Structures are given as structure tokens and as C-alpha cells.
Amino acid sequence: MQTNNTKVGLAKPEPLSHKVHLDFPLLLGLMALMLVSLVVVYSASGENIAMVKRQALNIFLSFVAMVIAAQFSPTFLRRWAFSFFIVGVGLLVATLLFGHVGKGAQRWIDLGVAKFQPSEAMKLILPIMIAHYITSYSLPAKLKNVSVGALLIAIPVFLIYRQPDLGTSILVASAGVFALFLAGMSWKVISSLFISIIPFSLMMWYFFLHEYQRSRVLTFLNPESDPLGSGYHIIQSKIAIGSGGLEGKGWLNGTQSQLEFLPERHTDFIFSVLSEEFGLIGVIVLLSIYLFVIARCLYIANNAQEPFSKVLSGAITLTFFVYLFVNIGMVSGLLPVVGVPLPLVSYGGTSMITLMSGFGIIMGIHTHRQFNR
Amino acid sequence: MFSRNRPPIRNPAAENALFKRRAIIAFAGVIVLLFLLISNLYNIQVNSYETYKTQANGNRIKVIPIAPNRGLIYDRNGIVLAENKPNYSLELIPEEIKNLPDTINKIAAILELTADEKDNFLSTVNKQRRFKSITLKSRLTPTEVAQISVYLHALPGVSIEARLRRFYPYGESLTHTLGYVARLNKKDQEKITRDGEDAIYKATRDIGRLGIEKYYQKLLHGLPGYKEIEVNNRGRVVRVLNEVLPIHGEDLYLNLDIRLQEKAYKELAGRRGAVVAVDPNNGAVLAMVSSPSYDPNLFVHGISRDNYKKLLSKDKPLINRATMGTYPPASTIKQLMGLAALEAHVIDEHTTISDPGWYKLPNVERKFRDHLAWGHGVVDIFRAMKKSCDTYFYDVANKLGIDRISEFMDKFGFGHYSGIDIHEEKRAIMPSRQWKRDRHNQPWYAGDTISLGIGQSYWTTTPIQLVDATAIVAASGKRFTPQILGASLGNNGLLQLPANDKPSIVLTNDAHWGIVQKGMHQVVNSPGGTAYRVFKGAKYVSAGKTGTAQLISIAEDEEYDADKINERHRDNAMYVGYAPFDNPQIAITVVVENAGGGGSRAAPLARKIFDVYLNDKPKTKQPEKIVTNIAMAQSDREVKNANE
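Protein sequence lines correspond, in order, to chains A and B. With our numbering applied, the first sequence corresponds to residues 1 to 373, in that order. With our numbering applied, the second sequence corresponds to residues 1 to 644, in that order.
Keep in mind that the hints are not guaranteed to be accurate.
With a straight-line Cα cutoff of 16 angstroms, these simulated EDC-like cross-link-like pairs (lysine to aspartate or glutamate) come out [unchecked claim]:
1. B/Lys360 to B/Asp448
2. B/Lys436 to B/Glu425
3. B/Lys53 to A/Glu247
4. B/Lys20 to A/Glu247
5. A/Lys142 to B/Glu15
No wet-lab data here; the hints were simulated from the structure. All figures in this text were calculated on a predicted structure; none of them were measured in a lab.
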């Protein structure tokens with residue numbers, strides 16, 4: 001054990017970062033990503049300053065959310081985990097029943113003043129719940145507990161999937177599954193799950209996938225089959241990325257994005273804009289920042305003091321990676337198009353606030369550690 | 001689930017080691033997947049760079065939609081009711097202007113710019129791409145065009161654009177029927193997207209919002225064309241490669257006769273009310289006026305807040321009273337009540353009653369009063385209609401009972417949408433036992449039925465329903481859906497819209513039509529009839545029925561005195577009628593709110609409309625090619641589209 005708590009008897013003065021419950025290296029990485037966001041949104045929106053200003057406001061609000069989330073101690077999160085979960089699931093049911101329909105899906109509850117998306121909150125509530133449940137028992141997690149955990153994951157994931165929102169349900173599911181994985185779910189279970197994926201996906205295809213989701217998968221497999229319909233997005237996106245080359249066309253000079261050939265340039269497809277204008281070099285810089293953020297978070301997870309904190313921070317971190325992997329995978333034609341934004345870079349406040357709250361929780365875990373005085 | 005008896009022994013060191021192992025595996029997974037992403041991107045960006053670069057350079061062709069011209073609207077005699085006029089607007093392209101505020105100041109020195117115009121412009125500047133033009137001021141007068149043209153050379157990025165805007169030369173008199181177009185708003189756009197019509201509306205700025213303009217939006221709108229243009233890498237047009245012209249909207253010929261429309265609107269001036277006239281032979285709507293009205297041209301350019309506030313006055317000019325005004329029909333349905341009684345064999349043409357000036361149900365104290373306090377004496381159905389005797393119809397209604405009445409009136413369309421070709425319509429109320437149970441949760445009382453006999457109680461009708469019912473009587477049972485549109489002129493030539501007939505009303509005895517028609521004839525032509533004096537000297541013979549609808553209940557022993565009553569509570573004057581008697585060409589309903597007696601206040605209006613329609617026939621411009629079956633022509637069009 002090389003954590004600080006072995007240094008018995010040293011009354012170290014508490015560092016500033018622990019007083020405000022922030023982790024400065026992680027903060028630096030996040031700020032770098034958001035700077036990238038502002039620069040690329042300006043270009044993707046057709047040099048629209050108003051949009052950049054709104055994105056700056058989103059960033060500010062998400063920082064506020066992060067600072068607030070960082071103040072919660074792991075003990076507090078644990079105490080409330082089950083209540084959060086019940087309320088979250090209740091809200092998801094309410095969304096299905098009375099939700100506001102936007103873009104063809106019921107994802108929002110109208111609170112009068114603002115619209116609230118319960119599935120976003122679930123991205124954090126579920127890993128808290130699973131981490132809490134699974135670490136209530138000794139680790140590695142037993143098969144029985146893993147099964148109960150899987151059931152707990154299935155409930156919200158199914159509700160979100162029904163909205164229908166495939167992207168979010170994938171993210172929520174992975175948050176829960178990663179918690180189980182980090183809690184030591186046995187390799188036998190993992191490998192048998194992988195094997196059972198094939199019959200399961202066939203079943204999904206024939207019984208559960210919506211028409212639009214099937215068409216997305218089909219065009220993913222063969223984008224050229226439908227160049228003017230849903231394949232258009234992928235084709236144009238690949239042209240944008242590919243024509244960027246090694247060094248890119250330069251900021252504000254991407255023809256694909258500036259001439260509006262790219263769909264959803266400032267949201268889901270912002271990575272294509274970045275690749276077109278900054279090339280492979282820009283892409284590698286961006287991925288390095290992401291890698292730094294992930295590494296720092298896993299370091300924090302490893303240094304956390306009790307299993308709950310470890311599992312929770314690890315799960316949040318790995319979900320963050322899923323975000324960026326799915327997004328970059330889909331815009332570059334590796335994965336089907338499921339509406340997942342590029343984390344912390346895509347235009348939009350909702351996912352940014354959730355993500356930053358997640359990082360707030362991780363910072364809180366790091367800075368609420370108890371040291372022996 | 002959350003067992004409190006956890007296994008007593010946990011091994012923190014082992015658990016930490018486990019987590020560390022798992023975290024390292026996960027991190028390794030992250031690295032592997034990132035490597036996968038990067039190698040894929042390397043493949044796209046470096047290995048296939050040339051391919052994608054070529055494709056990106058080829059991506060210079062843009063498709064620009066061209067809006068179709070909206071179809072014009074004519075009346076039945078070929079007079080233009082809605083046209084497209086060029087409208088000059090001053091447009092700025094922000095990218096080409098170095099100093100925007102300075103340019104705006106320069107323009108303001110030449111033209112008058114309101115604060116609104118400036119604000120609108122500045123807020124749009126931030127929302128649009130910088131090389132797209134934005135309107136600073138629209139509706140430039142010729143003088144203004146001339147003034148600004150002189151300085152255009154000194155104002156780079158500023159230009160004058162001519163666009164077609166809708167104009168309604170007859171303004172107010174047609175608003176409720178014709179409707180208007182207005183700028184597409186967010187809500188319209190959402191609906192268009194829902195209906196999957198984005199492609200059709202790509203270049204369109206205006207959409208029909210009311211009346212005919214809304215109902216026939218699709219016909220009037222047409223289909224857009226497009227231009228394929230080549231752009232440079234900053235998005236500016238280099239040259240036009242290909243152009244497909246739009247299919248302009250179809251011109252509509254309405255059944256309306258603008259002369260009747262104008263006349264009716266003029267006669268209603270200053271009053272609240274409605275006039276609807278139809279041709280009983282085919283349901284063609286000849287006139288449909290609602291007063292007060294407002295200028296539709298205000299909406300075309302976006303109505304100002306002040307002007308809109310004025311339209312929210314308590315006179316409710318926004319309401320189309322002809323189809324949405326619900327009025328107690330009063331005595332204007334006595335002929336139908338008589339018909340129902342004849343059909344049910346409750347009376348025949350010889351049945352008489354003695355009218356003491358009131359009617360009383362056995363065992364009930366309340367007296368139902370006739371409008372003539374001392375009664376009409378001995379009356380049969382003809383005299384009852386001619387004099388509009390209430391007591392006779394109280395008795396008839398009582399004998400019929402609510403069920404037979406509502407069933408019979410239902411056939412004449414009361415309580416139903418008439419199906420007229422505008423969206424703004426109300427069903428009004430044809431009461432029945434079930435209706436009262438649902439609406440008021442009360443049983444139907446015998447007293448309710450009595451008042452139905454004179455078209456009061458819960459019964460309400462819209463003027464279009466009344467004219468529809470009158471036309472059915474005039475045509476001895478033939479029924480047509482009222483239609484405003486007569487024909488459309490498009491690529492397939494002139495399509496005459498066939499009359500939309502519904503199953504006729506068949507009576508047990510056809511002679512019954514004759515009896516009520518004779519009753520209506522006497523109202524107008526027999527000395528002492530309630531409309532006799534009004535129609536005296538007319539060049540044609542007409543038939544009709546007056547009505548005076550009571551809006552407040554007057555106590556049993558109280559006299560109605562118009563002067564003592566608040567203007568809004570005074571009686572509605574109503575008239576229904578048709579002409580000529582032998583060969584009906586026009587059926588009419590007139591409602592004048594709070595004007596008083598139907599004979600004196602509504603019937604004269606009907607006569608003026610009849611006079612115009614029957615006495616001075618206009619020369620009709622008959623367009624050349626006539627395709628009588630619109631459905632056939634439409635299927636032709638579909639085949640044609642499929643071939644293309």
C-alpha cells in the first residue's frame with residue numbers, strides 16, 4: 001500500500017486543492033478539451049460568435065456543476081445511492097408516460113422553466129448504484145451479486161432504450177457494466193457473455209431494433225448503398241476526415257464543413273470538422289488530451305481509499321472513454337451512427353454538464369480521502 | 001438485497017490488488033482501442049488522402065432550390081382576388097461590408113429606418129452565414145427605390161431585391177373566406193418536417209394561414225425547381241450548371257361572386273354579423289362575409305403588435321362568423337320544424353290551432369309566450385309561418401318530442417360540420433337527450449322541447465349550416481357540400497370541381513316540400529307576411545323566413561323593450577331565403593347581431609344581395625379547356641410524375 005494513509009502521524013497541512021475539492025491536473029486536461037471545443041465550434045458553426053458564446057455559457061455551467069459535484073463525499077453518495085436510483089427510475093418511467101417529444105423521441109420532462117432529461121442523470125446514478133451495491137459484498141463479486149447488478153442495470157437501460165435513445169442506453173449500460181467489471185466479475189462470466197452476444201444481437205435485430213436503427217446499421221455496413229439518405233452522413237464525414245490529410249486544411253478552411261456538406265457539424269460530427277481542418281496531427285493531439293484525462297482519472301481511482309470509490313471513479317472514467325470511442329468510431333466509419341456526442345467538445349450543454357458532474361465526483365473522491373493525523 | 005450480514009472478513013489488500021489488476025486491464029484496453037482509432041484515421045487521412053481530397057474538391061456543386069410562384073385566386077367572373085406583386089426590399093450581405101454600423105447609418109440617412117427594422121436586421125446577422133443576404137427594409141416605395149439606387153455604387157454589399165408578395169385587392173371583405181399568407185414560422189416548419197415536405201418548401205417564404213389560402217395551400221403552392229451551381233471553396237457562386245424550373249402553383253377560380261361579397265360587406269358595415277349565399281343546385285358558395293373584418297394585407301408582411309392588439313377587441317374581428325359564429329336559429333327553422341311535423345304525421349296542411357298568445361304544458365304553471373301578446377287567433381301551418389306564430393310551433397315541437405326533432409334536424413346537417421372547404425368551422429349544437437346528459441348531466445325536460453319549436457333553448461347553428469338547410473328546402477331535398485372553390489387552372493388546364501353531392505333527403509311524401517315552400521313563399525309574397533314589405537317590387541319571386549333570436553330570457557310577464565336593454569343583449573336579426581321561387585339560383589342566410597327584428601333588419605340585406613345576383617348578370621369569362629372530372633385529371637398528373 002503506497003497510499004498516503006500509511007504515513008501515520010504526519011500532520012500535513014491540507015493542500016488548497018483538497019479544501020476546494022478539485023484536482024488541478026485533471027482540471028487542466030478538461031480545460032484543454034473545452035478550449036478545443038470553442039475553437040472548433042466557431043469554425044463548425046460558420047464563424048458564428050453567438051454560438052460560441054452559448055457554448056462558453058455551457059462550459060461555465062458545467063464547471064459550476066463539477067464544482068458542486070466535487071463537494072459530495074463518497075460516503076454521502078453511498079448513503080443516497082439507493083434513493084437516487086429509485087427517483088431516477090421513477091423519472092424515466094414518468095418520461096415515457098408524459099415526456100416531451102423532441103426530435104421524435106421522448107427524452108425530456110417539461111418542468112415549466114426548463115426541460116430535464118432524466119436519462120442524463122442516470123449516466124451518473126447507475127454507476128453510483130452499482131458500485132454501492134457490488135462493493136457492499138466482499139470482492140471479487142460473486143456470480144449471484146453480478147446477476148442482481150445486471151438486473152439493476154437492465155431496468156434503466158431498457159427504459160431509456162424505449163424512449164427511444166440507443167446512444168444514451170449504450171452509455172448508461174456501459175457505466176453499469178464497467179462497475180461490475182472493475183468489481184472483479186469473473187472472467188468466465190465475461191467470456192460467456194461475449195459468446196452469447198451473437199444470438200442476442202440476432203434477437204435484438206429481429207425483435208427490438210426500431211426501423212431507423214436498422215437502417216443505421218445497414219448503412220453502416222454499406223454506406224454507399226444509400227448515398228442520399230442515411231449513408232450520406234458517413235460518406236461526407238469520411239470525405240471530410242480523409243481530405244484533411246496529415247496537417248489539415250487549416251482553421252476555418254475546411255471545405256466540407258464550411259460549405260455545409262457535413263451534417264450536424266457542430267454536434268455529433270464535430271470530430272470530422274476537427275480532422276478536416278487540423279489533420280491527423282490535430283487528431284493525435286486531441287486524443288492525447290483524452291488519454292491524459294483518462295490516465296489521471298484511473299490514477300485517482302487506484303488511489304481511492306475504499307472499493308466503492310475505486311469502482312465508481314473507474315466506471316465513470318471508462319464510460320467517458322466509451323463516449324469518445326463510439327463518437328470517433330462512428331464518424332470515421334468504424335461503428336454505426338448512434339447519436340453520441342464527442343465528449344466535452346461537441347456543442348451542447350446537457351451531456352457536458354453530466355460529464356463534468358462525473359469528473360466532479362471523481363475529484364471529490366480524490367480530495368475527500370481521510371488521512372491519519 | 002442489501003444484506004446487513006456481510007461476510008465478516010474482507011481482505012482490503014486483496015481487493016485493492018484486484019481493482020488494480022482490473023484497472024490496468026481496462027487501461028490497456030483503452031490504449032488498444034485508441035490505437036485502433038488512430039490506425040483507422042491514419043488509413044483514411046494518410047493512405048486514402050488523395051482519394052478523399054479529390055472527392056472533397058468535387059464537392060463543389062450545390063443545389064439551390066427555386067420557389068414556385070403562388071397561384072392566383074379569382075372569383076367566379078374572373079376578377080382577381082389574390083395576386084402576387086413585386087415587392088422591393090433592401091438587402092445586405094454582411095461579408096461584403098467592412099463596417100456594418102457605418103453602412104446602416106449611411107442608409108438611414110437616405111431612407112427612414114425604424115428601430116424595429118434595425119433590431120430585426122442585427123439579430124439576424126448573428127444567426128446567418130455571413131455571405132447570405134439579409135433583409136434590412138422591405139416594402140420599399142418606388143421613391144425609396146429611386147433614392148437608394150443613386151447611392152448603391154457607394155454601398156458595397158447593399159442591393160435591392162424584387163420578390164413577389166401576396167396582395168389582396170379587395171382587402172377586408174374577403175379576409176375570412178380567402179384567408180391570407182404569412183411568413184413561414186417555426187411551427188409551420190415543424191409541421192412541414194413532420195409531413196416530410198421539407199423538399200417542397202425549401203425555397204418558400206410564405207404559407208397560407210387561413211381560409212382558402214390555407215385549405216388549398218398545396219394546390220396554390222406548386223413545386224419548387226432548383227439550380228445546380230458551382231461554388232468556390234468559400235461558398236460563392238462560380239457558375240450555374242443546370243436549372244430546372246419550378247412548377248408554379250395553380251390558379252384557383254372560386255365560386256364567390258365578388259359583387260355579392262362586397263355588397264354584403266358594405267351592408268354589414270359597422271355591425272357584427274354574417275351573410276352566406278350558396279347556389280342550391282350545386283352547393284357553390286356565392287358569398288361568405290363576416291363582419292367586422294380586418295385587412296389581410298397586414299399579415300402578409302408580418303403584423304405589428306399594435307395592429308394585432310386592435311384585432312383582439314370584443315367585436316372579435318378574427319372570428320369567421322359565417323362558419324364559427326354559433327347563433328340560436330330562432331324562427332328561421334320553423335319551416336323545418338313544420339316539415340318534421342308533417343313527416344311524423346303530427347300535423348297536416350289543414351291542422352289548425354287556436355293561439356291565445358301563449359302556450360302551456362298541462363300541469364305546468366309556466367306560460368310560453370308568443371311574440372304577439374294577444375295571439376294570432378286560428379292558425380294553420382301557412383299562417384303560422386307567414387306570421388311566424390310561436391304558439392303553433394310550441395305545440396308542434398311538443399307533439400314531436402325531442403327525439404324526433406333532433407333526429408330530423410340531424411339530417412339537415414345541424415350539429416355537424418358542413419364540410420365547407422376552409423378549416424375554420426364549428427359544429428354548433430343540435431341538442432338531444434344524450435347531449436344534455438353528457439354536457440349538463442341533466443335529464444331532458446319537456447319545457448326544453450317547447451323552446452326548440454322556435455329555435456331557442458340549447459339549439460345553436462352557424463350561418464353556413466342555416467344556408468345549407470335552406471338550400472336543401474329550396475332544392476326539395478337535394479344536398480350538396482358547400483364549396484368555395486369552383487375550378488383550378490394548372491398545367492393540366494382548367495379543372496372544374498364537380499359539385500359534391502350527398503345523399504338526398506327523401507320524404508315520405510314529396511308534397512311536404514311543397515307545403516313548406518309555400519309557407520316560405522307566403523312570408524315574402526302574401527300581404528302581412530313578415531318579409532312582405534321588404535321584398536315588395538322585386539323583379540323576381542323569392543321565398544324566405546325571418547327570425548328574431550332572443551339572447552336573454554325575458555320573464556313571463558315582462559315586455560321586451562329594446563331601448564332598455566344593453567346593446568349586446570338585443571335580439572339578433574336573422575333571415576333565410578332563396579330566389580327565384582320556381583327555379584332557385586341562390587339561397588341565403590343573413591345574421592345581424594343585436595340589430596333587432598329579422599324582418600326589418602336582416603331581410604333587406606338579403607333582398608339587396610338577390611337584386612345584385614339576379615338582376616344584373618355579369619359577363620362570365622369562361623376559360624377554354626374544361627376537364628370536368630378533377631379526380632381523373634389528378635390521376636393523370638400522378639402518372640405523369642411517375643414517368644418523369
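Tested hints:
Between the alpha carbons of B/Lys360 and B/Asp448 the distance comes to roughly 13 angstroms, so the proposed pair stays at or under 16 angstroms and holds. For the hint linking B/Lys436 to B/Glu425, the alpha-carbon distance of about 22 angstroms lies beyond 16 angstroms, and the restraint is violated. Note on B/Lys53 and A/Glu247: the hinted pairing holds, with a Cα-Cα distance of about 13 angstroms set against a maximum of 16 angstroms. At roughly 38 angstroms between alpha-carbon atoms, B/Lys20 and A/Glu247 are farther apart than 16 angstroms, so this suggested pair is violated.
With a CA separation close to 13 angstroms, the supplied pair A/Lys142 and B/Glu15 stays within the 16 angstroms bound.
In summary, the structure is inconsistent with hints 2, 4 from the numbered list given earlier, while agreeing with the others.
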